[in-house]
Amino acid sequence: MTTRPDILCIGSVLWDVIGRSASTMRQGSDVPGRITRLPGGVALNIAMTLTRFGLRPGLLSAVGRDAEGEDLVRACDRLGCLTCDLYRSDDLPTDVYMAVEGANGLIAAIADAHSLEQAGARILAPLRDGRLGSDAAPWAGPVALDGNLTTALLEEILHMPALAAADLRIAPASPGKADRLLPFLRAGRGALYVNLEEAGLLCQHDFATAPEAAQALLARGAARAVVTAGGAPAADATPEGVLTESPPEVLVTRVTGAGDTFMAAHVAAELRGEDRAAALHRALQAAAAYVSGDIPS
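Each residue of the sequence shown is one higher than the one before, counting from 1 in our numbering.
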């Protein structure tokens with residue numbers, strides 16, 4: 001059995017601790033709900049969705065050798081993600097993301113990804129030592145890249161010879177980290193997957209619609225921009241044109257991980273050979289099923 005990944009997912013692999021309530025919440029709210037701990041992080045969320053489409057994603061990230069890290073690696077293995085190339089640290093604890101969601105959406109979140117940031121370029125060793133690639137034999141497949149990496153490491157990835165032939169698909173992780181994608185925007189490299197707020201931060205402009213935002217990202221230098229806008233139409237913009245489609249109307253029961261599900265479904269559809277319109281449709285359907293709760297966490 002081969003352990004060669006179909007796609008590399010580079011970025012955060014951690015535990016998601018999510019508190020959800022059916023009540024509308026505001027600052028200071030104290031309401032009943034459920035608290036869950038699930039495997040998460042942008043890179044892992046994308047990888048987990050890719051496995052549902054029959055792909056073998058390889059994870060490049062930092063996971064501690066603490067009890068939480070051992071539990072997390074076992075969970076990733078059970079889900080069908082390849083963990084053999086993870087950087088395992090004796091000194092760095094396993095990262096964690098904590099969020100609170102109410103009926104009115106995400107209330108607050110804290111991402112503790114300090115171990116990933118401290119590990120830095122050590123997570124890329126398999127792309128240099130021949131396990132997955134090298135400068136002489138670059139990785140030529142798709143890569144899902146998340147913005148939880150430091151700006152310096154993202155710059156390094158952009159210019160490293162071992163990824164010069166890669167099909168880069170890039171997500172900012174959160175609006176607060178959107179500016180970390182600026183090097184890819186300036187270099188015209190990779191497909192950017194952003195929401196309306198993140199597109200506005202990258203362009204320093206408020207956009208009313210996803211098509212408007214996607215076209216502006218192209219004008220700023222992006223090779224491709226895929227922009228979502230919640231329940232409003234999404235857009236996929238390339239120099240060949242802009243495609244738009246409205247997502248299905250569903251009852252929203254959760255939001256954390258929806259963008260990652262959208263991106264993974266979109267990438268998986270294109271890897272199967274579907275055209276841009278079909279891929280956008282499938283991604284919107286998958287994201288709608290996820291936020292409605294039809295796809296289990």
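Honestly, the hints are just simulated from the structure, not real lab data.
In this text the structure is predicted, and so the values were computed from the model without any measurement.
Even glycine gets a Cβ: it sits at the ideal position worked out from N, Cα and C.
Please note that the accuracy of each hint is not assured.
The calculated label-pair distances, taken between Cβ atoms and stated as ranges, are [unchecked claim]:
1. R26 with D77: 21 to 31 Å
2. D206 with R88: 24 to 34 Å
3. G130 with P93: 25 to 35 Å
4. A219 with T3: 17 to 27 Å
5. I110 with V31: 40 to 50 Å
6. S23 with R122: 41 to 51 Å
7. A187 with D30: 44 to 54 Å
Hint check results:
1. Hint check: R26 to D77, Cβ distance near 40 Å, so the stated range 21 to 31 Å is violated.
2. Between D206 and R88 the CB atoms are about 43 Å apart, so this pair departs from the stated range of 24 to 34 Å.
3. Checking the proposed 25 to 35 Å range against G130 and P93 shows it holds: the Cβ atoms sit about 30 Å from each other.
4. About 42 Å separates the C-beta atoms of A219 and T3, a value inconsistent with the hinted range of 17 to 27 Å.
5. Range check, I110 to V31: about 19 Å between beta-carbon atoms, so the 40 to 50 Å window is missed.
6. Checked against the hint of 41 to 51 Å, the pair S23 and R122 passes, with Cβ atoms roughly 43 Å apart.
7. Between A187 and D30 the CB atoms are about 47 Å apart, so this pair conforms to the stated range of 44 to 54 Å.
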